[in-house]
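With the hints as your guide, set chain B onto chain A.
Going line by line, the protein sequences match chains A and B.
Just so you know, our numbering puts the end of the first sequence at 324, numbered straight through with nothing missing.
Just so you know, our numbering puts the end of the second sequence at 529, numbered straight through with nothing missing.
Please keep in mind that the hints were generated in silico from the structure rather than gathered at the bench.
Honestly, I wouldn't trust all of these hints.
[Stated by the list, open to error] Here are the simulated distance ranges between beta carbons:
{"#": "1", "chain 1": "A", "residue 1": "Leu22", "chain 2": "B", "residue 2": "Ile179", "range": "36 to 42 Å"}
{"#": "2", "chain 1": "A", "residue 1": "Leu119", "chain 2": "B", "residue 2": "Ser360", "range": "33 to 39 Å"}
{"#": "3", "chain 1": "A", "residue 1": "Phe69", "chain 2": "B", "residue 2": "Thr225", "range": "19 to 25 Å"}
{"#": "4", "chain 1": "A", "residue 1": "Ala287", "chain 2": "B", "residue 2": "Ile179", "range": "31 to 37 Å"}
{"#": "5", "chain 1": "B", "residue 1": "Gly163", "chain 2": "A", "residue 2": "Leu183", "range": "45 to 51 Å"}
Every residue, glycine too, gets a C-beta built ideally from N, C-alpha and C.
In case you want the letters, here they are:
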Amino acid sequence: MIKPYPAQYCASIACLLLSLLLAPLLFGIINRVKAKVAGRQGRPLLQLYFDINKLLRKNSVYPQTSTRFFRIAPVAGVAAALAALLMLPFGGVPAVLSFPGDFIVMPALLAFSRYMLILAALDTGSAFEGMGAARESLFSAMAEPILIFCLMVLAYASREYSLSLILGGLPATLWLAEWPMYLLLAIALFLLLLVENSRIPVDDPNTHLELTMIHEVMILDHSGPDLALLEYSASLKLWIFCLIISGIAIPQAGVWGFAERSSPAGSFPSFALEAGTMLLMILCIAALVGCVESAMARLRLERVPQVLTLAGSFACLAALSLWR
Amino acid sequence: MASSMYLDNVSQQGQAGGFPSGTPDSLQLLNGGAVPLQAVPQLSFSHFSHWLVNTVRNGGRVISFFALPASCFTPSEKDGEHTHRLIAILASDTSGKLHAATAGVSGRYTSFAKHTPQMHLFEREIYEKHGITPEGHPWLKPVRFEKTGGPEIGDTDFFHIYGDDIHEVSVGPIHAGVIECGHFRFQCLGEKVLHLEISLGYHHRGMESLLRNGPYPRTLALMETIAGDSTIAHTWAYCTNMEALADAAPSPRGQLVRALALELERLANHTGDMGALAGDIGFLPTLSYCGRLRGDWLNMSAMICGSRFGRGLLVPGGVLHDLNHSLVLRLKERMTLTGKDVMGALKLMWDSSSVAARLSAVGSVSVETALRLGMVGVAARASGLKRDARHSLPLPDLPTPPDLCVASAGDVYSRAKVRHDEIAASVAFCQRLLTDFLDEDGEDAVCAESPAIPTLMPEYLAVSLVEGWRGEVCHVGITDDSGRLAAYTIADPSFHNWMGLAMALRGQQISDFPLCNKSFNLSYCGHDL
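One chain only, chain B, in its complex shape:
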């Protein structure tokens, strides 16, 4: 019932290319909506390919691309010879719509990666999980080194550049700091990096397979730990997905609390990142202040739900902790103080000319590269792409989001500047939200009780996008005929952006790598799942 409002008419555009005019290209849906699986058009592969390439060429982007065994679907006449179905979810930032389509394949298909580079990692993922070969893929190798049968982790063909003056530097998987594991290989000519290859998978926990036939009682706890620094973003995406699949609208006040928690997460991480950037260039005052102030933001999350990282706050249906009048007042007061302190700490940094000189023109990613790689989040906005799911693909019934912050140069300076602007925008947004809370009646709005496992509609597909602090988190859930999860795919922003980091390093000094890395601050476990 509620979900039918998200079910727009099957799109009628894009009938070019000589495909039968009666065949719809794709199904339109909105962020946070669910559609019956049967309604997703099943195209022939060439039609599918045409649709995908054209949509991306016209400004669309791939937010999810995965395969499912054909047995997950009610067989259709077209499925006869196919073993798997590919499902692609594309987003258009201009129309605010998502588009979904599927195509049957068995064993192999023609790779998109060569002309649509943002597909390359999705194709490698499908290859690794299902053994479906994307023919013509320029760089086919494992993504996460699944335990089942594949090569040992890190055992792969790395790019090599040969020559007397070339040297290779390999960093990790264990690093000097207390951070996650990841392997980096630099091909260098003196101090100059010719190529950087990033090999991950050391944090692969099998998140998606742990969800199969779910949801289970512990699924919510798993979702909170997909990437510990994006607890709210991932949990919100999961909750929205469950709400869509169960056709149960979330509590409106719960949505507001979620929005507040998401911004607090953003504030904490952006503040921490700015401090870490200052630390990487040896600018100590901002490092020290931001280290403390990050704790202040985290403590505000703890004031709401008892966890500094927002664990145990979100549940399908709403939130477990409401804000009462005195808490809102206290939050408002601390928001003002901490916001002022953060801006002061950052001003120290921006006012120092040596900082500006150090950050600018390092690790630039051009807007074309960002577009082709399908980058998202802070890194994409720093390159000039207006990609913010809070603006272009908002969840329903949310207040006006914080201002969209973009830069243009795509260098470390721009990524820092976008973070700085977003801190200011988020503080203003939170103040507005808290004032709204105050204006409401003081009574505690009803929020969800600790929920039973939601009952999901059978054979539905739901997509949820949440703009976390790092970028857009995308969850796609598909239920089988008994209402269990047949598949649940998760795309952390890191999945899209790691390649951006590799490109940012081309032609740069190897000594600038840590700074570039920090300016992206991508998640290893969010990528590895």
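The following block holds chain A by itself, in its conformation from the complex:
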């Protein structure tokens, strides 16, 4: 366990607030990268903030067939995503909440958020939303085990059971010894990021064609503050995946001495340095998503399981690499 001390605790809170504040920026970056590659000006970087602000000031409209699930889902979705975020370390900065086994609870919270969303979609009784819900549950049933498997491999490698230690406390020595595993897992998780966050080549967040959508079609009937919450929880989810990948892709702690927490003298600058590097990495991942979306066409829906198979294979290779 990490021995908490005040500066570190403040850093955890600060990083959490930073996450909450910056999460919607990721979509802005992705869209900007796509626009630039396509030779367009693109929408403002802060567009999602404007959208959320606009939606929060509107009223919600509810379908006549819908019940309370429809209204609960957006709130439950944000709440679950927030709870998941509490358990994730920000690079070397430990999570606000950490306990052994939280690496299982975190994916479960994400699953719960999705479960509520699917219920709300089915609640509308619309054929479109039903199709979206079916697709979402099919693909996530394949994606979730892979995510948990990835985290299990990480846990095994570090012999720890808390995300803060699995992801956050990576000493450079361990990273350098096991770097193939970390890189393979990063690739697997990046593929999962594309699937779980409805990005091209799996889903197309910009399309207007309901018949082809996965995520977007499930929120067609939500409006006003409900839609704002859904959009925000989608951005939190993307942030969470970026956070996990950044955590393992770079040997954060230890390189700059944060793992040797015995040196409180350098604590504040090292917090800042850690957080800054993480932030840069997260933004780079968003830009990478934008590049992938620019270079690829969307896959046929029936090919999506192949992406998941690929992600699963990378995760298995990572596990095998531990037996060298």
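Here is chain B on its own, set in the frame of chain A:
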């Protein structure tokens, strides 16, 4: 006088089937020609039916089939008991000839649709307009939901498939994009489409009835808006029809300008379609580039006539805007630049393996299906049918048309490939045409002044076919004894091809529908008229 050159001898072939050997089957005519109505053989229905079925079986296709009240005709001895006459115009792509014949009916006739599926929509159209029942029609229901007396629009028996695992998805008539209205019903087993039914008519404006007793001063403007993306094709078909009925040959230079405008229309729409296809599969670079380049083609139309869609360019007799030397030079320069840019944008797309994987083997229409449904245009050529009116049924006095582009698989990839090839062919054709313009003397060739309403020959029938970007546009005009239009029928390529889209979706993933739809890119208003 001029029209008599189109009036071939009455055909002597096809005397099989025990019909009197002296009775001619049909009248041959050429695209852009007019014939006296009386010269069109009036057959008994069984003879007519025999002729039609046999001609279609031997590679002919139905380009127009409609009914007229018998009162429109000078009564003949055979008309005694009939209330209407059916008129069929068949085309043969191998001989380049059109064939016309009529038969009297009253109230009902035996449907052709069961054995000649390409007739099914024509028969439904006649049923809706005139109340003539095609007996044995497998799928008799309104086409456009005429306001007079029929059911409310969209109120019809849709196909249903029953079963616990079957679900129905209904899309439209209002869609998520800024597009026209149309209703689609999918019967699905999970993600798989078992059947798609398309119900249209939301854009029915009564084009054909607005022309009755015409042409009127505003008729030309109406023709330009039959389908806004095919302005040139429809207006050219109309102008040719009027020229044939008035027995006035168009200005030769005017024909060349029309040909150039038609290809510019094709280039703009094909480029836009390729971009939209890229957009549907989430391939953004080509989407963005093509969006801009489509505008470049449209602007070239605007350079000629001031309208990006070619409105106000064509008039019966010729064109209102000629090309002068400096304009031709500017057009040539922009043609080179834009053509190169489009090919570059498309190369991006073809070079991406994910695009090829996404487009191939989706929404296939076999050549047999295309043949049976009488499909035309890009969709027919993608399935391997060599149907291009510019080649097989050309208007007289035009230069060698762009190369014929065909594919074979009939899937979305083939339809995209045909468009790509046609862009290249059209650019080469336009360059050739513009060079010819340059070689001519710099003086402005005389083109038609803004015309008075043409004086038409009484009791004539004229057929004009123009291969627009989407496919072949067919106009048939018939004048009454005072030289007014007794009937004017319009067949947009969409009319033939919507059923092809429905067939393309059989057994496909429902998520592939938008892509298939885009690859056909059919017109709602062109169908609804």
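Okay, the hints, checked on the actual structure:
no.: 1; hint: Leu22(A) x Ile179(B): 36 to 42 Å; result: 37 Å, holds
no.: 2; hint: Leu119(A) x Ser360(B): 33 to 39 Å; result: 38 Å, holds
no.: 3; hint: Phe69(A) x Thr225(B): 19 to 25 Å; result: 48 Å, violated
no.: 4; hint: Ala287(A) x Ile179(B): 31 to 37 Å; result: 33 Å, holds
no.: 5; hint: Gly163(B) x Leu183(A): 45 to 51 Å; result: 49 Å, holds
Checked against the numbered hints above, the structure violates only hint 3.
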